[in-house]
Amino acid sequence: MGGAKRDTLRMDETMKVLVKQAQKGDPEAFIQLIEKNRQALVRVAKGFLGSEEDVADAIQDTILNAYEHIKELKKAEYFKTWLIRILINNCVRIYNQNRKVQPVERMPENGESIPPESDVEFLELLSSLPEDSRLIFQLYYGEQFTTKEISEILGMKENTVKSRLRRGRERLRKEIV
Amino acid sequence: MKKEYTEQEYRRILGGKVTESEAVSGRIEETYAFLRKNAGLTGQDGQRKGRLGKRSLQRLWIAASGVAAVFATILCVGVANPALAAKIPLIGGIFRSVEEKVSYPGDYSRHAEPLAPDARQEAGTKDIPYEQESGGVTVTVSEYYADSVSLYLAVKIEPKNGFPEEMMRETKADTQEYRSLQLESRAVMDLSAAGLGKISFEPAMGCRAVDLVEGNFVNDHCFEGIVRIALEDVKGCDENGDMVEISQLPEHFIYDLRINGIYVTRSVTDEVIKLEGDWAFSLDVTPDDSETVVKEVGLVGECGVGIASVTKSRYDLFAKLILPEDAEEGDYTVVVTDEKGNLLQGRYGYGDIYNVYQKDIGKVTVAVCDYLTWADHRSDAAYLLSHALLKTEVDFEK
Chain A
1 MGGAKRDTLR MDETMKVLVK QAQKGDPEAF IQLIEKNRQA LVRVAKGFLG
51 SEEDVADAIQ DTILNAYEHI KELKKAEYFK TWLIRILINN CVRIYNQNRK
101 VQPVERMPEN GESIPPESDV EFLELLSSLP EDSRLIFQLY YGEQFTTKEI
151 SEILGMKENT VKSRLRRGRE RLRKEIV
Chain B
1 MKKEYTEQEY RRILGGKVTE SEAVSGRIEE TYAFLRKNAG LTGQDGQRKG
51 RLGKRSLQRL WIAASGVAAV FATILCVGVA NPALAAKIPL IGGIFRSVEE
101 KVSYPGDYSR HAEPLAPDAR QEAGTKDIPY EQESGGVTVT VSEYYADSVS
151 LYLAVKIEPK NGFPEEMMRE TKADTQEYRS LQLESRAVMD LSAAGLGKIS
201 FEPAMGCRAV DLVEGNFVND HCFEGIVRIA LEDVKGCDEN GDMVEISQLP
251 EHFIYDLRIN GIYVTRSVTD EVIKLEGDWA FSLDVTPDDS ETVVKEVGLV
301 GECGVGIASV TKSRYDLFAK LILPEDAEEG DYTVVVTDEK GNLLQGRYGY
351 GDIYNVYQKD IGKVTVAVCD YLTWADHRSD AAYLLSHALL KTEVDFEK
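From first to last, the protein sequence lines are chains A and B. Going by this note's numbering, the first sequence runs without a break in its numbering and finishes at 177. Going by this note's numbering, the second sequence runs without a break in its numbering and finishes at 398.
The shape of chain B in the complex, shown without the other chains (with noise of 0.2 Å):
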């Protein structure tokens, strides 16, 4: 047996001194005679000057976050009157430019509904309920596609003046396709045509609403791009101001989205570079679920954890657990592999919710495994597949 270590040692051994090897002593004490040398002239006026050995001063940041960037984002547009919806594009190509791009790649743009160039003139009134302007800030919804389980809205945003440069460049990661600015936003989601009533989100009552629009930059005065509402596990506050879950959207609901600021958090220092203004917009929503399917699994292991269903749209795949009441959710994680036996990548980097574009899912198995079991072997399929807590193949096509 080995020894048992004790919480007094992780500290003395974690904490203890270290020494440095000499690659690492030198660039430190090189570092400092640079600041030295060159103090006040390095940075913190807005220049930089001189050269540190062969290490160029000019460096981007990729924030890093020990769980994957939250890329919840929802931008609610709204279209007061779907028959006002022409079919005509205004815009059009926003979805085709950045779908296959951002973190949920899909071809919305085959699916999606367009809007109406010039509800002004159509419906006789000034508004334009997808172009909203506000502190020399344009935003429109182009496009928008929905299932029950996920809303998809194509995007522009245009300020007057440009977007400012801090702003630019602190969305730009060398390992992505897409670029992400935050939004500040407050949504309500009205279920009255169901009898659910109006529920609402506000970070305030600690209720996710839409915080981010995934794209690019056309230049410095546009920006395209895309936002994912999820809908298949809404959570949100209801009338009284008491937290609900809704399961089962109805087949028709109004979702009225309010945007108050557009923003970037620098890395560095986490200052706020943000778009003041307030955008308000009322989506008239009706889910398109010719390809969701639902199947119920029933399934329970012997730890007591199971999946109760499987459920896939036309973009996303994602397994419902069912859970024994003492175990937290973060200890398991869902694996997915498709009719190859093949990883399916999920959201925000561990099981949750599977994109499932271009996959081919007419088969999968969909396993649960311990979190640190899934973290050690997330690359291995097979290694996560037989030591599954519990696993089951589900058809979708029959």
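With the rest of the complex left out, here is chain A (with noise of 0.2 Å):
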């Protein structure tokens, strides 16, 4: 078996007894889930909301929420899925609430650090783009979820979200040349 695929069904493994000890009640194993999600959390509310405030209000809840709840998750390969949905909707129910307009250019706050230049000029290009097609291009490429599993987690056609995709690539084609 190839060192890649041992590496992958291994971390599979660790996953799923970490979501048992977790629904049995324990707060490392929930704690260890969250910290191999980490960067998935803050990548995902980044692109969603405006403030720093903002998007560790939504960390905040979406831990908190997925503790009280992860008795109810009855697949452990699902918990990365589901916690990217928990996330979601507390990043749509923040917006709402705020109405705060992403703003294009945000200043970096304390801790956080400037990307190179030539991928702000790819965030500009990807800013032009509608929300839920950003949002989309977050999930598939930076996160690395299947279109199906896009569908699942937004609640749209499969079919939608690959038309996303595709329109999303040929309107940054466009803004390029």
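If you are wondering where the hints come from, they were derived from the structure by calculation, not from laboratory data. Please note: incorrect hints may appear among the correct ones.
Take a look, some chain B residues computed to stay more than 12 Å from chain A by CB distance [what the hints assert, rightly or not]:
(1) Lys295
(2) Glu302
(3) Gln345
(4) Ala381
Covered stretches of chain A, going by a simulated chain B footprint (3 or more residues, C-beta under 8 Å) [stated by the list, open to error]:
(5) 137-146
(6) 163-171
Quick reminder that beta carbons are idealized off the backbone N, C-alpha and C, glycines included.
Hints given; two lone chains; assemble the complex.
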């Protein structure tokens, strides 16, 4: 068995064990699960919300909601998909409550680093897409979800997800040329 | 020319490590500390204890969907014999109490057909076609309104033992004036009178049946709401099991509906909380098209996309598109402005069918836009119309 495949299987088994332990009420196991997905939480929330305070709120609520309901997660392998769906629910709620417009250019806040200039250009191009397409891009390219998983997270038809990806790529190409 | 990015670079940039701000890091660590301190006390035993800084642990969930919620809800109530409908209102006020609060508002109560209060006595039978009890839950339809675009039913749901508290909690959404309950159902539309046979709607066959009722809880033992059944584009399975599309309904048809579940899906866990039963109704429908107008347009733009016709009924408006063979409907959005130039709000949040209740729509402008153009400027009527692939004015008063 190849090394990469072996590592993936080992990771899946670790996840299952952690989920089971967390479901029995072990906070350390649950925290480990969150840590494994912490970057994904931050990336997706930052792509959605305008301020770091809102990002912090969304992630905190997500962690608490997930801890409260993890016993109801039927399949351990769906943990990340489930967690991101909770996060998006919280992001939408906060966005609707605040009705803040996502600034095209955000000033880095304390502790944040500034991305390289070439990446900044791409991120600006990305900000020209409609918000649902931006979110789909983040979930597909950033978090490596499949279009089927994204359709489940967002409650969209899979063909719509594929269409948004395709139209988003076409738009980015048009902006570049 | 700017740099062109590869898919690998998309992944690198969007999936790369992000540095957290102090606000985010601090809040995550604070949450971990709280969980460690209150292990066993936070939620998993059903109790919430302890406080986390300024944040309350009580949250109301608003289900998020990338696309607006599916509101195609149809509940068919059977009136076996319309002649028995003596126009004595039994419950009467259901339409009136919720009709302006749902996602498809209208003065349905003014034009609805009320149902007989006691068909049992009048018909000399024990059956009350519009009131069904099963599994301890009574479902009643008190009124209905139909034209060839939509069928609306006023519905009351009364579980003997009350609604589960969680069901009531899960339906609450801060941003809406109404609540929604999902319905598990299948339906058969009998078009035999027009020689078209029977059309079935079953989720297992990939056909849309009735799936939602919008309204409000009167109390924990009673929910009143409206179900909307779309009739403008009927797609179902014929008696051979083949998919058929009926774009022109006959003047009269029977709609048989069987509901087997009334439920909500918990937004966090996807767990289903359901009231199970078997409520079967048969509705004799004669659409009232006294205010329905169809304007033939037949306009095609340079790109091959066009508008075939625009239909307006008492409460709805929609455009039928012409699409080139290789085009996908999802790539285009219909935009409609009223006489004052205001954008009409589409069902589901995007162009499909528009609610026209209390709108000035003697004359409308109907445009077809590329989806991305619409998505980027969906609130800007002037921009959308000036960048439309094609547009036309439709005068319903001529």
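To see whether the hints hold, each was checked on the structure:
1. Lys295: Per Cβ check, B:Lys295 is outside 12 Å of chain A; nearest 30 Å; holds.
2. Glu302: Given a closest Cβ separation of 19 Å, the condition holds.
3. Gln345: 16 Å, holds
4. Ala381: 17 Å, holds
5. 137-146: holds (count 6)
6. 163-171: holds (count 3)
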